[in-house]
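S.K.: Listed below are the residues making up each chain.
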Amino acid sequence: MNEVIKILSGLDWSPLWISLKTGIVATCISFFLGIITARWVMKSSKGMKAVIDGILTLPMVLPPTVAGFFLLLLFSKRRPLGILLYEHFSIKVVQSWLGCIVAATVIAFPLMYRNARAAFEQVDINLIHAGRTLGMTEMQIFFRVVLPTAGPGVLSGTILTFARALGEYGATSMLAGNIPGKTSTISQRIAMVIQDGDYLTAGIWTLIVILIAFLIVFLMNMISGRNMKHIKRW
Amino acid sequence: MGIYLNIDKKAGNFHLNFLHSCEKAVIGILGASGCGKSMTLKSIAGIETPDRGRIQLEDRILFDSKNRINLKPQERSVGYLFQNYALFPTMTVEQNIMAGLKGDKQEKRRIAGEMMERFGLEKLAGQLPGELSGGQQQRTALARILVTQPQTLLLDEPFSALDGGMKERLRLEMGELLHSYEGVTFLVTHDRDEAYQLCDHLLLMDQGKLIEAGPKEALFEAPKTVTGARLTSCKNISRIRKTGLYSVCALDWGNLEFKTEKPMTDEITHIGIRAHDFYPLNEWEYSMEKRRGVNSVFPVKNPSVTELPFEWCITVREGILWKCPKNIRQHQADNSIPYGLGVKPSAVMLLRE
Chain A
157 MNEVIKILSG LDWSPLWISL KTGIVATCIS FFLGIITARW VMKSSKGMKA VIDGILTLPM
217 VLPPTVAGFF LLLLFSKRRP LGILLYEHFS IKVVQSWLGC IVAATVIAFP LMYRNARAAF
277 EQVDINLIHA GRTLGMTEMQ IFFRVVLPTA GPGVLSGTIL TFARALGEYG ATSMLAGNIP
337 GKTSTISQRI AMVIQDGDYL TAGIWTLIVI LIAFLIVFLM NMISGRNMKH IKRW
Chain B
83 MGIYLNIDKK AGNFHLNFLH SCEKAVIGIL GASGCGKSMT LKSIAGIETP DRGRIQLEDR
143 ILFDSKNRIN LKPQERSVGY LFQNYALFPT MTVEQNIMAG LKGDKQEKRR IAGEMMERFG
203 LEKLAGQLPG ELSGGQQQRT ALARILVTQP QTLLLDEPFS ALDGGMKERL RLEMGELLHS
263 YEGVTFLVTH DRDEAYQLCD HLLLMDQGKL IEAGPKEALF EAPKTVTGAR LTSCKNISRI
323 RKTGLYSVCA LDWGNLEFKT EKPMTDEITH IGIRAHDFYP LNEWEYSMEK RRGVNSVFPV
383 KNPSVTELPF EWCITVREGI LWKCPKNIRQ HQADNSIPYG LGVKPSAVML LRE
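Residue numbers (this note's numbering), protein chains in the order written: chain A, 157 to 390; chain B, 83 to 435.
Take the hints with a grain of salt, since some may be wrong.
[Stated by the list, open to error] Derived DSS-like pairs: lysine-lysine, alpha-carbon spacing no greater than 27 Å straight-line: (1) K202/A with K154/B; (2) K249/B with K317/B; (3) K405/B with K426/B; (4) K248/A with K233/A; (5) K338/A with K162/A; (6) K341/B with K317/B; (7) K341/B with K372/B; (8) K249/B with K306/B; (9) K148/B with K190/B; (10) K426/B with K202/A; (11) K306/B with K205/A; (12) K92/B with K205/A; (13) K199/A with K91/B; (14) K91/B with K202/A; (15) K154/B with K92/B; (16) K405/B with K199/A; (17) K199/A with K92/B.
[As the list claims (entries may be wrong)] Okay, the calculated beta carbon distance ranges per label pair: (18) G202/B with I192/A: 52 to 62 Å; (19) H244/A with N95/B: 49 to 59 Å; (20) L371/A with G216/B: 50 to 60 Å; (21) L403/B with I208/A: 33 to 43 Å; (22) D133/B with I208/A: 22 to 32 Å.
Please keep in mind that the hints were generated in silico from the structure rather than gathered at the bench. Ideal Cβ positions, reconstructed from N, Cα and C, are used throughout, including at glycine.
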């Protein structure tokens, strides 16, 4: 017990903040990008749909290290895009917190996109037709009719996206590396301390992760439950 | 002016193609499911775009492929009552009614409030559509439409989601509403009672084509086609062979002979007789009528009887159905089965395929 207190008092809390920051930013980006992409894919032709959907879903089904490898190819400072970003905009993706965000976003994005699309496809097309014949603009229809109706689906997509982004390990470790205080997220820290044989610290971090994950999912469920009370669905 | 509809649209194997013009009225489009009646309504609303054609309602051209006119649904001033009402599920009754209104919030609330009062929805203002009964949903949908003061009403099977008693009451309400409504109304239905009760002018459609059109009375009295007769729910239709200028032999009814009022032409392939148009004859009357030779008569054979609350459905022979009015307290059909049945020449409808 004394040992636990000793570790806790000397614990470097930075991985917690890095993970949370990464998760929130990645979820925000995925949220908007996922919704826009979902709408775009729904509107495209059947053949295009299958192709685009396949590409967008790949990061979810591939091992994260494969995604990490591709991201490294893209953003490496020895590659055209990486050189361009670094020399003209002083943006460094590899071995930086930005890398954490990029990796987490790429991995978590398909969850948002797929959930948003599934939720939108459930919306009765007549609601949209009704909005149009009532003289509502397309924007009004989307924000006041479609989005609220698809709300529960979009929200659960957001929860999953956040959870996935928070726990991202494979792609992050390849792209952003494990720089303490900068890119070292909780999952990377756990892996590191286990390699050092420090099971106690690993256990403490594991408990923290479990606590955060449960808290978020619980909170989100409460919120979505409140919104869904009036909508009859099975 | 009036109404001009010319719609040509292909969708897969289905081809909707017809032209019709008529005066401003409550126009009913009657047809079986999949006949193109909903697509017609959607084309008028601007939800579907025809490949070719022109849609003009009085002085407003909504669509004209030649002149590249195609107004957006938002600009067509149509009130579309969807089959499932399409109420916005996350909005309250009041919010639904305000959805199509523009202007400041106070004004919108006031107008919506008046409309809710008119439809008796005041107490439900804060409810969500999922909490309403079918009838309340329909009233909300109607209020939501009428609050925008549309110049055209499009009603898509408005009563199909309701059950018996409620359906009848709302039909009466709808009748009053349409009576006081000043714009053009289109009502799509597969129910001939609904069409007859609510509409002035009817279009009968089948497989994307316009079969017949005209004032409802004329169409119900004398449909000209087999499909038209079926749509106006003529129960007895038979193929025929001509036996004289004013007489035919009904091939599907054991070659019974029928006299007609109008002369037979080569076009006529069938006759139709409405189930209510037969009259009963006892043995003596039967022989008298037969000797007189004005009306067509035949003896009843192998009758089978089904009881409905207010009528007997009696199959008299070879599939000829006779509907005989009865009292609700009467349950024995034995006395109702006559020796024979007669039918006047004017009740024999001449039909073409």
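S.K.: Work down the list of hints and note, for each, if the structure agrees.
M.R.: How the hints compare with the structure:
no., hint, result
1, K202/A with K154/B, "holds (25 Å)"
2, K249/B with K317/B, "holds (24 Å)"
3, K405/B with K426/B, "holds (16 Å)"
4, K248/A with K233/A, "holds (8 Å)"
5, K338/A with K162/A, "holds (24 Å)"
6, K341/B with K317/B, "holds (19 Å)"
7, K341/B with K372/B, "holds (12 Å)"
8, K249/B with K306/B, "violated (30 Å)"
9, K148/B with K190/B, "violated (39 Å)"
10, K426/B with K202/A, "violated (60 Å)"
11, K306/B with K205/A, "violated (49 Å)"
12, K92/B with K205/A, "holds (24 Å)"
13, K199/A with K91/B, "holds (21 Å)"
14, K91/B with K202/A, "holds (21 Å)"
15, K154/B with K92/B, "holds (20 Å)"
16, K405/B with K199/A, "violated (54 Å)"
17, K199/A with K92/B, "holds (21 Å)"
18, G202/B with I192/A: 52 to 62 Å, "violated (43 Å)"
19, H244/A with N95/B: 49 to 59 Å, "holds (57 Å)"
20, L371/A with G216/B: 50 to 60 Å, "violated (43 Å)"
21, L403/B with I208/A: 33 to 43 Å, "violated (58 Å)"
22, D133/B with I208/A: 22 to 32 Å, "holds (28 Å)"
Hints 8, 9, 10, 11, 16, 18, 20 and 21 from the earlier list are contradicted by this structure; the remaining hints agree with it.
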